[in-house]
Structures are given as structure tokens and as C-alpha cells.
Amino acid sequence: MRFYRWLLHLYPASLRAEYGDELASTFAARHVGASGVFGALGMFVAAIADVVPNAVAAHFDILVQDLVYTARALRRAPGFALTAVLVVALGIGANTAAFSVADFVLLRPLPFPHPEQLVKVWERTPGYGRMELSPPNYRDLKTAATTLSGFGAYSDGAANLVTDGEPRRVSTAEITHDLLSVIGVKPFMGRLFTANDTIASDAIVISHDLWQTQLNGDASAIGKRVDLDGRPYTVIGVMPADYHFPNRDVSVWRTYDMIADDAADRSNNYLTGVARLRDGVTLEQAQAELGLIAARLEREYPKENEKTGTNVYRMSDELSDRTRLLIVALCGAALCTLLLACANLANLLLARAVGREREIAIRAALGAGRERIMRQLLTESLVLATIGGAVGVLVAIAAVPTLGRLVPINLPIARQPSVDLRVLAFAGLSILITGLVFGVFPALRTGGTKSLDALRDGTRTSGGARQRVRSLLVMVEVMVSAALLISAGLLVRAMWRIQAIDPGFKTENVLTLRTALPYPKYAFVKRRTEFYTRVLSEVRALPTVQSVAYTSFLPLTMGGGIWPVKIAGHEVIRDASSTASMRFVSPQFFATMRIPILSGRDIAETDEATQPFVAVVSESFVKRYWPNEDPIGKRFNFGLHDRTVIGVVGDIHVRGLETQSEPQVYLAPKQLGDSELVGYAPKDLAIRSTARAATLLPEIRRIIHEADPQQPVSNVRTMEEIVAKETASRAAQLRVLTILAAIALMLAGVGLHGLLSFTVSSRTREIGVRVALGAESGRIVRMIAREGILLALGGLIPGVALALWAGRAMQALLAGVKPDDPVTFSVAIGLCAATALFGSLRPALRASRVDPATALRAE
Amino acid sequence: MTPDDMLPLPPATFHILLALTDEDRHGYAIIQDVESRTDGELRLSAGTLYRSIQRMIVEARKRPAPALDDERRRYYSITPFGTSVARAEMRRLTQLVRLARARGLTPETT
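Chains B and G, in that order, give the protein sequences.
For the first sequence, my numbering puts the final residue at 859, and the numbers step up evenly by one.
For the second sequence, my numbering puts the final residue at 110, and the numbers step up evenly by one.
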């Protein structure tokens, strides 16, 4: 029997209180006479069979009643319901969206088998932590390593793909034959490479996307011939749709073999190493072993491998700290918003509880227990949270495309996070916590009031404690909004600062596009020159074109192309202090980009292979090697040849607006030998014109098509777009943050206004007495406004502290703006104060208009 | 709310109302009455009984008079509304049986 009584706790408390004794005695009466072991066992089973299903059903009955009641209560207060739903939608929506990105980029394992075993292997030289491997170093590391079960490598490439339709530029990965097996994903169709697939064989594996778009998803695609850079290849495999390795742009995988030249050159670094740890081997063990091998190689090749070690990182950690910080900051802001939404919801519920005191007292008088009333209130807040949360998830789904810009391109994952089960589960959990925590709070307070007091007529609303809780909640709101506002302000300043950085060239009215000339078709300088000359002269002849030029890589589009500079009297160290970026540019490049020529002359058509090899260098190059000297005519060795300086130009940002760049060296395209430095042949066309891109582009396409019908045009964009892309992820983050901050400020203002209005109406009598006793209206206004200002201050001070802390944590994002930037802080604090004042104004004015006669008569 | 709104009644509820039509009973007496009237086929458990009673009381709160008087002595009696609900259920069941008969269906298996 004791067991039965204990089981009764499964029932709702109200039912237990009412019928508990009877239930127990009835059960006892029914099972009278049961004795012995079997009797006891029988009672045990009967007790469970009696209580469990009935308890579940009883709870369900109550839930249905509460839901019906809630629906009616909310219909009676549509304004309240709508506000609460919107507030929750905002908090849940922001969180769900931020979580979907964070989960996608930071938390979720990569979509490969045993992703924790996959590592990337880099060379480490002074100044560069992630330097690609040179082919011989890769070979030697691979041969000696025992901690790795597989070790492949790749380099990025691109090729012109010609099928029946328009020629198309595709990204390729040149990979060792074992790389795809190291990653471990099975092909969608066909097979992966084997050791027999050498560079001489013509096998390629293509992406699902390419198979769909270029081969029309043909089921018999395996064995099809495809033309890449004028060479026929055979498709041996198609990868699955969600396979994005090494990044999402790659659509063709070709095998890579070490050619004899490369096999010896330890200073030509272009392979990214990808390895899989053997079962049971830790990252540290692999790091230690590769370090030892690298040290041995350094002893064997003291000159080429000087100070060269290795770095091994988990593939999932291949994420810049900046990206990580951007996303973490976003999550922080989203959490703040949820906190704010919760505070607001709690405040709304508390305020509403006041208005419902009589209703609840009546229910209590009719016999509803305290537990029953709390349960009803909780159901109500959970219903609000659920509806709001559902709207929030919709908001999140809508916001994800914007946030997709925060997904870095170099990760082997899809472009956009999707709102999937994990994300929905997270949203569900947030909703539950929101509804419970911030429903329990007001429910406890309400359920705890001496309910009968409220029934007595004319009782002044009790609850100084409740008032204090509401004040606290308003302070939390002000705090969160101040912190968000300041953080957003700091990031805005940082963005302005970056946008104000002079890249060294002028971006307006420059259209760019790429015509990457395929080798071996264009391996000879004569053939390339014919193409360049024809295209450049015909484009230049277009009426609106001011100048036009070709370059190897446009600024800000490619971080590589960094070569060591060798000058007599200067030691060559493989770090940033003795390297420079190398670009081949046609004449007029500087005029087109508006890079000033400081002395000497531009690259000229006459700088041919038969002439002395020339170079135009940037100002910082001169400062480094020949300070206070005339650099014109000086000689240095760079990019396989001795070169003579013929001109000096202004410095530009080559590698990124926020990154300091190496000095720049510009070389003459006609002096780029046959089959030499593949990849540096000029391919990016820059056109400065007064016409709009849309009108200019068809003309240029026609010219290129006439010069070579098989030559695709790709990467069409303006120089302004290229620069804007530098700040795109920041801009996306900032947009979200600013919206959150604005909403936070608004909510805080509304919260303050609500609380003060409530204060005024509950103190109407007191104010009436004061006025009757001769208080001027100015004084009344001051009294209420003072309360508002105190509340605002109570929130602002911790808010500023929070913002200082957040600013320090995200200092790396601030581009040199100080985390305690006084301008940002004063503007943000000013905005908060203005909002607080605005929120207090109406209640204060209302207080001043209290008519003492009416106020006192109401009593 | 009219008695017809409560239909169909769960069998347990109907039996409880039937048990109370002739006299007021306490909980265990209701169970015994139902059991004897159904020749032991329906043995209400304590939980089912009191949950049904509670439901009736809650439903009845929406009516001016409660369907069952909850007296301190814990004897339950049926209210006029309760009687009309039981009648309505009876009518519904009779109607059903009549419909089945009209289709030539008989309880005996042939």
C-alpha cells in the first residue's frame, strides 16, 4: 500500500489532494485478501497498471483544459499576445540563425569518414606558418612517415572546359592519385584514381554539379570524353553532390605527377598536404614524427630547407581566427538578444499578472490550487514561447542566406548552412528554456500572492517585490542593449576604417574579367602575344575605353605569387623580409589601375625576350634595398632571371585590405619564356572606361570570341566589387548586429516606458495627493523622470562594462579601433540615454496631468 | 452546453452514472455495482474511477449545477444534468442498435 501511495505522486497534485485518500482506500478494498509473495507481486503490478495510464491521462486532460483556457485568455488580450510572440520570435530567430552558422562552420564534423583523423600538413618557415610543401619535401615526408595511414597532396588549378556549348572556365584540383582515397568518400558513379592513373593517362573525376550541368546528368557519363585546355580527358568517376574537397569551387580532379624539374626543387612550394592519422595515433604524435623527419631533411639539405619545419593541423581547424571570431561575436549578440527577449517576456507576463490578479483570485476561490494556477500560467508562457519560436525559426530560415556569407570559402563544405534537425532541436530547446524559466518566474510571484487580498475591493496593488523584479528586468534590458549598441558601433568604426584604407589604386570605372590561356596551346610567348595584342588593341579602340591592360593576377584576388629576391650583399631568408610579389603586366597597367609612376618608365611593348630583362618595382621595394639611392638601373635576381629596374610605382595592397603586403615587382609579359612559370601568364583583363559594364561587356566578349572562339571569359566583375568582397563577411555580420542592436534599444525603451506607465497608474492616488497639496507639475515630471533615469543608469553601467569586455575579446576584428573608443562609447551611451528619456517622457507627462479630484474620488 | 455535447460518453463514465441512478454510493460501492451489473466484465480500477469523477466535475463546472455532488462523506450522487447526460447516451445507443437491426443484423451468430 505504501507503494501505491507513493505512486500517487504521479497524478496532478490537484487530483491527488482531492481524491488521494479515497484512491488508496478503494484500491485497498479491491485488493483485500491478497497475501503471500504472489499476492504482493499481484498488488505491485495492479498498482502500476492502475496509476500510470490514469496519471498520464489525467495530466493530458489538464493540458487540454489549460490550452483551451490559454487560447481564450490570449484572444482576450491580442495586443499582449502579439507583442510576446514577436519578442520571442526575435530572440529565437536570432539564436537559431546564429547557431545554424556556428554549428555548420565550427561544430559539425566535416562530411568525411572519421574526420577527426584528417590533417593538413604544411611547411613552417620563419614568417609563414602555413607554407605549401615542395614536391621533394612532400615525397620524403610521405616515404618516412609511419604515423600516417595515407598522405596525399593537391594544388589548385583551373582549366578551360569545352563541351558542345559555350566554353567554360572550371576550377580543378591537381591531386596525387591516392588523395581521394585518403579523404575516404566513395564516388557517386564510376571509380576513383589508382596508382595506374598517371599524368600521362587522361583520367578525370568530376563533380556532381559539373555532371549535371555539362553532361546533363547522363547515366552513361563514365567513359565520356571531355576537352580541358585543348586536351581530351576521359571521365572515370563522378563524386557525390555534397562532396566539396578541397573547396566548393572545384569541379574537376586531375592526377598530379611529379615532373623531373619539380622533384629536385625544394624551394618551389605549391602542394597542400592532406593526411590521415593511423588508428590510435594522436595529432601530437604525428606532429612529433613529421617534425623529426623535417629536422633530418634540414640537415640533409641545409641550404634549401634552412629553418624549415612542419605544421600539422586538424582539417576541421583550418579556419582563420578572424572567421571564428566573427561567428562567435555573432553568437554572443544573438544570445544577448535572447536574454533581452526573455527579460521582455518576463516583464510582459509580470505586468499582465497584475491585471489578472482578480481573475486568478476568483479561480483560487473556486478551488483551484496554487499548483494548478501555476501550471496554467506556465502553459500560457510555453504556448507563447512555442508560437514565437515557430515564427523565429521562419525568420532564421529567411536570414540564413545573408549569414551564408560568413561561411569561409576554403572549407570543404557547402555554400550555405541549412536549417536541419540539429538546428531545429536547438531552437526547440531554446523555446523550452525561454518558456519555462521566464514563465516560472512570474508564475511563482503570482501564485504566491495572498489571493484573497485581491478580491477585496479597492485594494491598492500590492507587490513592492514585483516592482523591484520588474525594475531589475528593465535594467537588464538597458544593459544588453547598451552592450550590443556599443559593440555594433565599434565594428562599424572598424569597417569604416577598413573601407577608408587606400588600396593604392583607384577602383572606380574599372571592369575586370579573366581569359586564362590554356597550356600547351598557349605555351609559346609568340602565340600569347598575338592574342594579347589583338584583344588589347581592339578593346582600346572601343569608344568609351580609356585604357586597358592584362596582368597575371589582379590585386586582392590572389594571395600567392610571392618570390624570394636575391640581391648581391643581401642575405636570402625565406620570410617576408626578403620576398616580393611577382606579376607580369602589359603596358598601361599602371594607367588603368591609376597606380602612380613615381620615376622611370612603364613596361613597354619593346621589352621583349631579346632585350635586357626589365622590372618595375614598388616604392617599398626601393626603400628596402636601396634607401636614399636612385634605383633606376639597379639589378637583382627574381623569378629565375636577373632583372634591371626601369621604373618605380606606388605601393598597393596585393593580398588584402587588412593585410600588409610584400613589395611588388612587375615584369614584362614578352619576357616570360615559353612554358616558363606556368600560371603567371597574364590572364586578368582590366578595362577603365566611362561606359557601364553592361554595355561594354558584349563588345569585349565579341572581341575575345573572334580572337579565339574556344576561349572562355570568366570572373567578370568590377574592381569595386573585388574591393567590396574584402569586407563582405564583415558587412554581413555588421548588418545583423546593427539590426539586433536597434531592436534591443527599442525593446529596452518600450520596457522602460511600460514600467514607468505602470508606476504612474499605481501611484495615481499618491500623485493626486501631492498635486492637491500643491506640488507643481514640473516637480511631478521630475519625480517620474528621475526614476526612469535611475533605471537607465542601473542598466548602462554594467552594459558599458560588458561592452568593454566584449570589445577586448573581439579586438582582432576591430582593425585598430580601440576597444574603449571614446567616440563610439559616447554616441552609444547618448543614444541609450535619449531612448530612456523618450521612454520616460510620456508617463512623466501623464503623471503631471493627474487630476487630484478624479484620483481621489476613484478610491 | 447541452447533455448532447457530452456524447459519446466513455463506457466507464456511463457505467458510473448508471451506478448512481438508484442510490448514492461511495467510491468502492460504485466499482462493486458496475462489476456485478456486468457480470464481472468491467472491473474499474481506482484510478479510472476517480479520474472519471474528476472529469465529470470539471466538465460540470461549466454548468450551473454540478453533475455529482461531492459531499464530505464522499458519497456521490447524480445531479439532474448527470441524469440527462445518461439519458442522452442511452438514446444514442438505442438509436445505434435500431440502425443495426434495420440492416438485419442480430446479436446471435448464425
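Just so you know, the hints here were simulated from the structure itself, not pulled from any lab data.
For each residue, glycine too, the CB sits at the ideal point set by N, CA and C.
Any given hint might turn out to be false.
Claimed, not checked - Partner residues are not named here, just some residues of chain B that face chain G (Cβ under 7 Å, in silico):
id	residue
1	19
2	26
3	27
4	29
5	32
6	48
7	54
8	58
9	317
10	318
11	319
As the list claims (entries may be wrong) - Sample of chain G residues lacking proximity to chain B, with all beta carbon distances greater than 12 Å (derived):
id	residue
12	27
13	29
14	46
15	54
16	84
17	96
18	106
Hint-by-hint comparison with the structure:
no. : hint : verdict
1   : 19   : holds, 4 Å
2   : 26   : holds, 4 Å
3   : 27   : holds, 4 Å
4   : 29   : holds, 4 Å
5   : 32   : violated, 10 Å
6   : 48   : violated, 11 Å
7   : 54   : holds, 3 Å
8   : 58   : holds, 5 Å
9   : 317  : violated, 57 Å
10  : 318  : violated, 60 Å
11  : 319  : violated, 57 Å
12  : 27   : violated, 5 Å
13  : 29   : violated, 10 Å
14  : 46   : violated, 4 Å
15  : 54   : violated, 6 Å
16  : 84   : holds, 23 Å
17  : 96   : holds, 25 Å
18  : 106  : holds, 35 Å
Hint violations for this structure: numbers 5, 6, 9, 10, 11, 12, 13, 14 and 15, all remaining hints satisfied.
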